[in-house]
Amino acid sequence: MNTLARHGLFFVAAAAVLVVVTYQVDEFTNYNIAGVAIFVIAAAGLTVLVGINGQLSLGHGALMAVGAYTTSLLLKAQPQTPLIATLLAAVITTGVAGAIIGVAAARLRGPYLAGATLALAVGLPQIATHFGSLFGGNQGLPVAPLSPPAFLGSDFSSNRWLAWVALLAALITLFLLANLVRSATGRRMRLVHDDETAARLAGIDVERTQVLAFIISAACAGLAGSLLAYQLGITSPTGFNLQLSLQLLSAIVIGGLGSLSGAVWGSILLVILPLKISDLAGNLNLSSDVANNLPLAVYGAVLVIAMLAFPRGIQGALLRIVGLARRAIRTIGPRPQASSPS
Amino acid sequence: MLEISDLTVAYGGVLALDHVSLTVPEASITAVLGANGAGKTTLVRTISGLVKPRSGHVLLDDRRLTGRAPESITRMGVAHVPEGHGIISELSVDENLRLGGLWRRDRADHRVAVEEAYELFPPLASRRAVAASSLSGGERQMLSIARALASRPTVLLLDEPSLGLAGMVLAQIMARLRALTAERKLAVLLIEQNARSALSVADEAVVLSMGTVVVRDRASRLAGDESLRHAYLGF
Amino acid sequence: MRTFLILTVDGLTNGFIYALVALALVMIWRATRVINYAQGAMAMFTTYIALFLITHGVTYWLAFVITLGAGFALGSVTERVLVRPVEGRPALNMVILSLGLLIFLEALAPMLFGGQVKSFPAPFSRIDLTVGSTVLYVSPFDIFIVGAVLAVMLLLTLFFQRTTIGLSMRAAALRPEIARLLGVRVGNMLTIGWGLAAMLGALAGLLISPAIFLYPNNMDEVLVFGFIGAILGGLESPSGAVIGAVVVGLALSYVGGYIGSDLETIGGLVILIAVLMVRPQGLFARGQQRRA
Numbered sequence: 001m002n003t004l005a006r007h008g009l010f011f012v013a014a015a016a017v018l019v020v021v022t023y024q025v026d027e028f029t030n031y032n033i034a035g036v037a038i039f040v041i042a043a044a045g046l047t048v049l050v051g052i053n054g055q056l057s058l059g060h061g062a063l064m065a066v067g068a069y070t071t072s073l074l075l076k077a078q079p080q081t082p083l084i085a086t087l088l089a090a091v092i093t094t095g096v097a098g099a100i101i102g103v104a105a106a107r108l109r110g111p112y113l114a115g116a117t118l119a120l121a122v123g124l125p126q127i128a129t130h131f132g133s134l135f136g137g138n139q140g141l142p143v144a145p146l147s148p149p150a151f152l153g154s155d156f157s158s159n160r161w162l163a164w165v166a167l168l169a170a171l172i173t174l175f176l177l178a179n180l181v182r183s184a185t186g187r188r189m190r191l192v193h194d195d196e197t198a199a200r201l202a203g204i205d206v207e208r209t210q211v212l213a214f215i216i217s218a219a220c221a222g223l224a225g226s227l228l229a230y231q232l233g234i235t236s237p238t239g240f241n242l243q244l245s246l247q248l249l250s251a252i253v254i255g256g257l258g259s260l261s262g263a264v265w266g267s268i269l270l271v272i273l274p275l276k277i278s279d280l281a282g283n284l285n286l287s288s289d290v291a292n293n294l295p296l297a298v299y300g301a302v303l304v305i306a307m308l309a310f311p312r313g314i315q316g317a318l319l320r321i322v323g324l325a326r327r328a329i330r331t332i333g334p335r336p337q338a339s340s341p342s
Numbered sequence: 001m002l003e004i005s006d007l008t009v010a011y012g013g014v015l016a017l018d019h020v021s022l023t024v025p026e027a028s029i030t031a032v033l034g035a036n037g038a039g040k041t042t043l044v045r046t047i048s049g050l051v052k053p054r055s056g057h058v059l060l061d062d063r064r065l066t067g068r069a070p071e072s073i074t075r076m077g078v079a080h081v082p083e084g085h086g087i088i089s090e091l092s093v094d095e096n097l098r099l100g101g102l103w104r105r106d107r108a109d110h111r112v113a114v115e116e117a118y119e120l121f122p123p124l125a126s127r128r129a130v131a132a133s134s135l136s137g138g139e140r141q142m143l144s145i146a147r148a149l150a151s152r153p154t155v156l157l158l159d160e161p162s163l164g165l166a167g168m169v170l171a172q173i174m175a176r177l178r179a180l181t182a183e184r185k186l187a188v189l190l191i192e193q194n195a196r197s198a199l200s201v202a203d204e205a206v207v208l209s210m211g212t213v214v215v216r217d218r219a220s221r222l223a224g225d226e227s228l229r230h231a232y233l234g235f
Numbered sequence: 001m002r003t004f005l006i007l008t009v010d011g012l013t014n015g016f017i018y019a020l021v022a023l024a025l026v027m028i029w030r031a032t033r034v035i036n037y038a039q040g041a042m043a044m045f046t047t048y049i050a051l052f053l054i055t056h057g058v059t060y061w062l063a064f065v066i067t068l069g070a071g072f073a074l075g076s077v078t079e080r081v082l083v084r085p086v087e088g089r090p091a092l093n094m095v096i097l098s099l100g101l102l103i104f105l106e107a108l109a110p111m112l113f114g115g116q117v118k119s120f121p122a123p124f125s126r127i128d129l130t131v132g133s134t135v136l137y138v139s140p141f142d143i144f145i146v147g148a149v150l151a152v153m154l155l156l157t158l159f160f161q162r163t164t165i166g167l168s169m170r171a172a173a174l175r176p177e178i179a180r181l182l183g184v185r186v187g188n189m190l191t192i193g194w195g196l197a198a199m200l201g202a203l204a205g206l207l208i209s210p211a212i213f214l215y216p217n218n219m220d221e222v223l224v225f226g227f228i229g230a231i232l233g234g235l236e237s238p239s240g241a242v243i244g245a246v247v248v249g250l251a252l253s254y255v256g257g258y259i260g261s262d263l264e265t266i267g268g269l270v271i272l273i274a275v276l277m278v279r280p281q282g283l284f285a286r287g288q289q290r291r292a
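Same order as they appear, the protein sequences are chains A, B and C.
Mind the numbering: the first sequence is residues 1 to 342 in this note's numbering, read in order.
Mind the numbering: the second sequence is residues 1 to 235 in this note's numbering, read in order.
Mind the numbering: the third sequence is residues 1 to 292 in this note's numbering, read in order.
Chain A extracted, bound-state conformation (with noise of 0.2 angstroms):
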């Protein structure tokens, strides 16, 4: 079968898995389990433009910001506007934003297009502030959370609900995406990325790929970025600080670069390990200069300590695991037939 119907078919069986598991878990869960969905498209927006063409980027949280506070605003001003169109409208401003950060960004190469992506993480909040009667300055702008449809029962849960968007939304993301990944724009945005002279020579317009390659990632941020207000129910700068943009950056990286399950891993750990951290520290009573961050050192600490010890994160020490595994297998399995006597 061709490669879309395998990814289709396994997306649609994932589907099938989380829907059960959000019956089975808590609130709180179902909240995380949104939370990591979230990530997941930021990430694997991100994992397209740094993994597979190659440009670094330390702004995308300023990105996630402009979804965000797209869908804010349209709230605020119409807010019986239906979720699909906060949605869109967050993709394709923010995607419009990609455009224009893409073209100025598209001859940067390497430090400098890392500093000016870091100057857009630390300054794009700053415009919220300053114009503080639009974008609602430092307090933000609070979001009506997601109330589930009718047709679910009135006892649904609205965290089970939020769980079932962001999923569905992450995973047609991870479908979009997965097959981006594998087409002929896919291989045009790797090969500029591994032989830039290479790929100019073949007749590629570098600027183009590199722009389309901004504006995907972009959208998918905005896409997040607006599912992350619906779950916070506020938008303000302070969620959108250049820690953010840090650690999608960081998350994409210790998952495995370039691979979209790498941005599933290391979402996963983005969420889970400050929580358990967090809890770890609640038991321990410790005191709260230390409590609260503790999630964040240990965060950092990981990743230092990942990047000494597994320089293709989780995916690579996962590959890594099952090659060994499958070389064990076959040195400890059946032997072949012996053909003759000795």
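There could be a bad hint or two in this list.
Non-contacting residues of chain C with respect to chain A, defined by C-beta distances greater than 12 angstroms in every case (computed) [to be verified]: (1) 140; (2) 162; (3) 225; (4) 228.
Chain B stretches covered by chain C per the calculated footprint, using a threshold of three residues with CB under 8 angstroms from any CB of chain C [to be verified]: (5) 65-74; (6) 84-96; (7) 123-132.
Because the hints were derived from the structure by calculation, they are not lab data.
Just so it is clear, CB atoms sit at the ideal spot from N, CA and C, and this is done for glycine as well.
Position chains B and C relative to chain A; hints supplied.
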């Protein structure tokens, strides 16, 4: 005395050096000749520590060189003049020259050695403060050799020093090399494509082909043996 | 006119502090081809150490010296323990490692020293000087900042141009393989380079914290502005980095003063993009590419 024993170097699956053994006595020049890719440069890069061999070892007066970092090997008295001179063009002539032997504790003697190097190559002496990037190819080669000598080495590894030099200048440098080898009791390994010029100053000669030593003889005899010369050296 | 003078003095003093960070970034870039994103966080951390010493009875100047030493130690240990092992690996690994270090230090500081915003002392008065009845819009501390940075730059120049170890370090940064063949212990040179860079960062932290106060993220913007300054200068040229940083400081001051103080970083970004679109290699890059 430099002793190379059974040296084997592999790049991926390809053997660049295959059980090469060679001795370079002090106060003598050994020419290493052979076609491109025969392993000549790999040999000197292994001696100076830039390349780690798969097996075999290199001894300098019974002290092991193999396995040490290149900077440690240099500090033991091995000076490597790399292919393409290796001049740092952003630095001045003087800075480049002083880098030869900068580590030495005897600062006063280092200064003397630097001045001696200038005396050997007068064109450099008049342009000390100039950026090395403005030197001609031949002058850069001179600077590279001078820099190596400024560290007062006991072993001198020269990788294609004739590149960029021609005619009179080349002959003069070779003659000076000959004299210095005797004066300072240097053990010199001279890699050359220009076999004629190398054989004219060398004592011993070794021909490498595909990583192995195919001919080992006194330089004069090799220069005189027409059939050998035609077969391996092209003249 | 008065506003212009105030903004100019502000811009210059901040610009000189950004110049320290820019210099540090360029030094490390030239030596190891790496951007140390944790440079600001390291400076923040050493400033916390300084405050700790001062609040426990150590005089300012002694704490000043110890802090610079702590910066050197932090930088050199980082290079030896964290950077050296990651050397041959893909560049992005090093980016994540330094980001991880940034995140770690910004979380460790409040855990050790408390997370609330603290004030940090200045060794000289921060009140503008007056001559007779004219206000000069410059304070003694402002003069100290500019003087200290200029002195550091002079010392660094002398160090690199006039000492043997400086020459070894330059050779190690320009042509590491050749330097090894010349007996230079390249690894040690890199360690010292990182130590010196972190020392510059430590000084920046000490000089800017009186104005912006001390809290875990206080050096984030300083890092960004220093980085922009270094990029404007072209990343290969220390003097370019300094000029770029001072230009950034002035530009941001004028943007903040005349347009809006929240828009400083975006203003800086706009300037950066504008310059890079015209000269993608930076203003002062002269094709000084480093070879292996």
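Going down the list of hints, with the structure as the test:
1. 140: holds (31 angstroms)
2. 162: holds (30 angstroms)
3. 225: Per Cβ check, residue 225 of chain C is inside 12 angstroms of chain A; nearest 9 angstroms; violated.
4. 228: Residue 228 of chain C is in fact no farther than 12 angstroms from some Cβ atom of chain A, at 6 angstroms.
5. 65-74: holds (count 4)
6. 84-96: holds (count 5)
7. 123-132: violated (count 0)
Violated hints, in rising order: 3, 4, 7; the structure is consistent with all others.
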